[in-house]
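Trainee: Top line first, the protein sequences correspond to chains A and B.
Each residue of the first sequence is one higher than the one before, starting from 71 at the first, in our numbering.
Each residue of the second sequence is one higher than the one before, starting from 3 at the first, in our numbering.
Be careful, since some hints might not be right.
Label-pair ranges, simulated between beta-carbon atoms [claimed, not checked]:
#, chain 1, residue 1, chain 2, residue 2, range
1, A, A408, B, G164, 35 to 43 Å
2, B, W177, A, A206, 54 to 62 Å
3, B, P119, A, H427, 29 to 37 Å
4, B, R203, A, W189, 54 to 62 Å
5, B, S82, A, N125, 37 to 45 Å
6, B, P119, A, F295, 51 to 59 Å
7, A, S264, B, I57, 44 to 52 Å
8, B, T40, A, R186, 43 to 51 Å
Keep in mind the hints are simulated off the structure, nothing from the lab.
Backbone N, C-alpha and C fix where the C-beta goes; we use that ideal spot for every residue, glycine too.
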Amino acid sequence: MNRQPALAHRPLLQRGGEWLRANLFSSVANGVTTLLLLGLLVWLGDRLLTWAVLNAVWGNASVATCNALLGQGACWAVVADKWRQMLFGIYPQAEQWRPAAAVLIFCGMLVLTAMRRFWHLRRLLVLWLGGSLLCAWLMAGGGGLTPVPTALWGGLPITLMLAVFGTLLAFPLGVLLALGRRSSLPIIRAVSISYIELVRGVPLITVLFMASIMFALFLPEGISFDKLLRAQVAIILFNAAYIAEVVRAGLQALPRGQHEAAAALGLGYWQTQLLVILPQALRITIPAQVNSFIDNFKDTSLVIIVSIFDFLYAVRQAVISDLDWRHYFVEGYLFAMAVYWLFCYAMSHYSQWLEKHLARDHRT
Amino acid sequence: MGRQVPGASLPTAMWSSEHFRNLLYQIALLVLIGTLGTYAVLNLVHNLESRAITIGFSYLAQEAGFDISEKLIDYQPTHSYGRAFAVGLLNTLFVSLLAIVAASVLGLAIGIARLSPNWLLRKLAAAYVEAVRNVPLILQLLLWYGVLTELLPPVADALRIGPAYLSQRGCAMPWPVAHPGWSAALLGLLLALVLSLLWARRARTVRDRCGRAPPVLWPAIGVCLLLPLAAWGAFGAPLEFSQPVLSGFDFEGGKIVLPEFIALLCGLSIYTAAFIAEIVRGGILAVDRGQIDAAEALGLSYGQRLRLVILPQTLRVMIPPLTSQYLNLSKNSSLAVAIGYPDLVSVSNTTLNQTGQAIEAIGLMMAVYLALSLAISGLMNWYNHRVRLVER
Numbered sequence: 071m072n073r074q075p076a077l078a079h080r081p082l083l084q085r086g087g088e089w090l091r092a093n094l095f096s097s098v099a100n101g102v103t104t105l106l107l108l109g110l111l112v113w114l115g116d117r118l119l120t121w122a123v124l125n126a127v128w129g130n131a132s133v134a135t136c137n138a139l140l141g142q143g144a145c146w147a148v149v150a151d152k153w154r155q156m157l158f159g160i161y162p163q164a165e166q167w168r169p170a171a172a173v174l175i176f177c178g179m180l181v182l183t184a185m186r187r188f189w190h191l192r193r194l195l196v197l198w199l200g201g202s203l204l205c206a207w208l209m210a211g212g213g214g215l216t217p218v219p220t221a222l223w224g225g226l227p228i229t230l231m232l233a234v235f236g237t238l239l240a241f242p243l244g245v246l247l248a249l250g251r252r253s254s255l256p257i258i259r260a261v262s263i264s265y266i267e268l269v270r271g272v273p274l275i276t277v278l279f280m281a282s283i284m285f286a287l288f289l290p291e292g293i294s295f296d297k298l299l300r301a302q303v304a305i306i307l308f309n310a311a312y313i314a315e316v317v318r319a320g321l322q323a324l325p326r327g328q329h330e331a332a333a334a335l336g337l338g339y340w341q342t343q344l345l346v347i348l349p350q351a352l353r354i355t356i357p358a359q360v361n362s363f364i365d366n367f368k369d370t371s372l373v374i375i376v377s378i379f380d381f382l383y384a385v386r387q388a389v390i391s392d393l394d395w396r397h398y399f400v401e402g403y404l405f406a407m408a409v410y411w412l413f414c415y416a417m418s419h420y421s422q423w424l425e426k427h428l429a430r431d432h433r434t
Numbered sequence: 003m004g005r006q007v008p009g010a011s012l013p014t015a016m017w018s019s020e021h022f023r024n025l026l027y028q029i030a031l032l033v034l035i036g037t038l039g040t041y042a043v044l045n046l047v048h049n050l051e052s053r054a055i056t057i058g059f060s061y062l063a064q065e066a067g068f069d070i071s072e073k074l075i076d077y078q079p080t081h082s083y084g085r086a087f088a089v090g091l092l093n094t095l096f097v098s099l100l101a102i103v104a105a106s107v108l109g110l111a112i113g114i115a116r117l118s119p120n121w122l123l124r125k126l127a128a129a130y131v132e133a134v135r136n137v138p139l140i141l142q143l144l145l146w147y148g149v150l151t152e153l154l155p156p157v158a159d160a161l162r163i164g165p166a167y168l169s170q171r172g173c174a175m176p177w178p179v180a181h182p183g184w185s186a187a188l189l190g191l192l193l194a195l196v197l198s199l200l201w202a203r204r205a206r207t208v209r210d211r212c213g214r215a216p217p218v219l220w221p222a223i224g225v226c227l228l229l230p231l232a233a234w235g236a237f238g239a240p241l242e243f244s245q246p247v248l249s250g251f252d253f254e255g256g257k258i259v260l261p262e263f264i265a266l267l268c269g270l271s272i273y274t275a276a277f278i279a280e281i282v283r284g285g286i287l288a289v290d291r292g293q294i295d296a297a298e299a300l301g302l303s304y305g306q307r308l309r310l311v312i313l314p315q316t317l318r319v320m321i322p323p324l325t326s327q328y329l330n331l332s333k334n335s336s337l338a339v340a341i342g343y344p345d346l347v348s349v350s351n352t353t354l355n356q357t358g359q360a361i362e363a364i365g366l367m368m369a370v371y372l373a374l375s376l377a378i379s380g381l382m383n384w385y386n387h388r389v390r391l392v393e394r
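Pulled out of the complex, with its shape left as it was, chain A reads as follows (with noise of 0.2 Å):
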């Protein structure tokens, strides 16, 4: 410890030499590692950015522009031209500032939900309730608005809307699952552990495919749903069964001491959950959640094989369908790749910050 400071006043040169030494040349095979990846390094970056930005088409240019310099660039005009009907689909063009808008409030009310000043049931209720409300007009119409049908709603607000409430409603059930799982009635305990296995023993994409060719059988005929209620639904459930898990990890940290106090103080099985067990198991599985619900959100891209129109089909849809660009889909799929990698990064380092925040909590 005392060494510091005199390591801190000898010179930069030094000190950078050091640690040259000390993390790239530590030993002859460590040096050799380092000259090899430098070389593959400047050999791939080399190429990387002259296709990426020294050759490349930016801004609206034309195909022709494109066309002229394929294989050597990229393309980004074909993001330029497409953009919003990457973004927003096939929702009428002069209305796309409501879309826009609802992608504005959902990520306003995931940074809030995030800060945990809003951590209090009420706040959260007042703001998921009045987000999505709002949303929901904006995206519908009506009441002053051009009225749009969902047929016709796309993009990056789907896979928003997707992914957030099929976790937000996901998790109710997801809870009364696990404190099913580990409830003392044989009848609750065995319906709780089949409905969790059994969902997480298939594919999502099986559960998207049951819920868009096989539910409609099920309902008296005549009796139709939504499509897109219908993936929503059957996301919600798939990530009820996940949610179990996570919470039900929650409940098996907590000491047993918890339960005997609260059977101590004469509260009853709900009392003892709601007051007791629940506020500090959920608390324990927060940085879980947050990465369940990243996972959701990846997953979500997969009802684009039972013809949903989310954020990925849509920059599918703008970029394979329309023969001119249809070449330049690599930029259109690392457009996507971005986007989703913007999102899931942030709440990734989202969730490893709060897992040390609360760690450090906890100890004090």
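Dock chain B against the given chain A, drawing on the hints supplied.
Mentor: For chain B alone, coordinates are given in the frame of chain A:
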């Protein structure tokens, strides 16, 4: 339980008995599930009647009529739906198995690189993990597939890599012509692997008894090389390879690996490897610092420390999360349907579109995945039990 409170009427007393209430809740749940189930089944029967669909698995014996591009067993459009289903199932198992092996190897390498003493290697491994796991798998698959089928040269001017050709139609490579010699070599390899395992087990018992283990690695490598070679030679040492030859619009002869398969295998392995790398890293970090200090004190090199001290202990911590990654991978293989690889989901989907037997096709598909999940977790639990810490 139900203690009679003086003055209280019978129903109140029953209601205040916990035993009775618990029973009531459970019966209510059963009645609810039963009612909903009956209602759904009644609707189903009615709907199927009005659409003239008869429920049952007899459709599996009917002629399928569609072709499957990639198959491990003989299949023609004249074969039955049941056989098509088996082809799809085998494709799913095949690609999952290969991807599990590839993802494990890649994940292990990247996980170790994440903790390398080399700063550059460490950062590159971290960048790989962050880049890959934050993008949906289906998007990665679509990109791979698009690159393989559109950006590679057409068949006519395929890229030549040694004896193999890479083009929009996949990878065409030489393949041995069927001959008993090749089968014998394969059997010989299997036998050699079994012998090596038995020898490794024997070596362990010898070590436990006299403290010095007979060599295992070199004899094992030797027997794995020699036995197949001997079997191959004994059965006439066939050297005939079928070479891919460009004829018309496609390659003929040799073995053609379709772009769908390559894209699926690459996508699944690369995606899952990022998660496995994190598990490996966590496992290595979980090894007690004292173990590493002790290994250093014994003068073991970094590689030796990793191989002899750290990794064996890591395995124990890693197995439960690894199991769930393997399960995820096998379930994620169902995304094959997005790029047209004929896996279980893709074949079932075609079947249900042609026959209208939605309930059976989807039910069968789910049952298979469920069985696969149970089998993998059973296998991993067995292995977990084997490598568990043996306490005094």
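Trainee: Decide, hint by hint, whether the structure agrees.
Mentor: We went through each hint and held it up to the structure:
Checked against the hint of 35 to 43 Å, the pair A408 (chain A) and G164 (chain B) passes, with Cβ atoms roughly 36 Å apart. Taking 54 to 62 Å as the suggested C-beta distance range, the pair W177 (chain B) and A206 (chain A) conforms, at roughly 58 Å. Between P119 (chain B) and H427 (chain A) the CB atoms are about 30 Å apart, so this pair conforms to the stated range of 29 to 37 Å. For R203 (chain B) paired with W189 (chain A), a C-beta distance near 55 Å keeps the hint of 54 to 62 Å intact.
Judged by the Cβ atoms, the range 37 to 45 Å given for S82 (chain B) and N125 (chain A) is violated: they are separated by roughly 54 Å. A C-beta distance of roughly 58 Å is found between P119 (chain B) and F295 (chain A), which places it inside the suggested range of 51 to 59 Å. At roughly 23 Å, the beta carbons of S264 (chain A) and I57 (chain B) sit outside the given window of 44 to 52 Å. The beta-carbon spacing between T40 (chain B) and R186 (chain A), approximately 48 Å, falls within the hinted interval of 43 to 51 Å.
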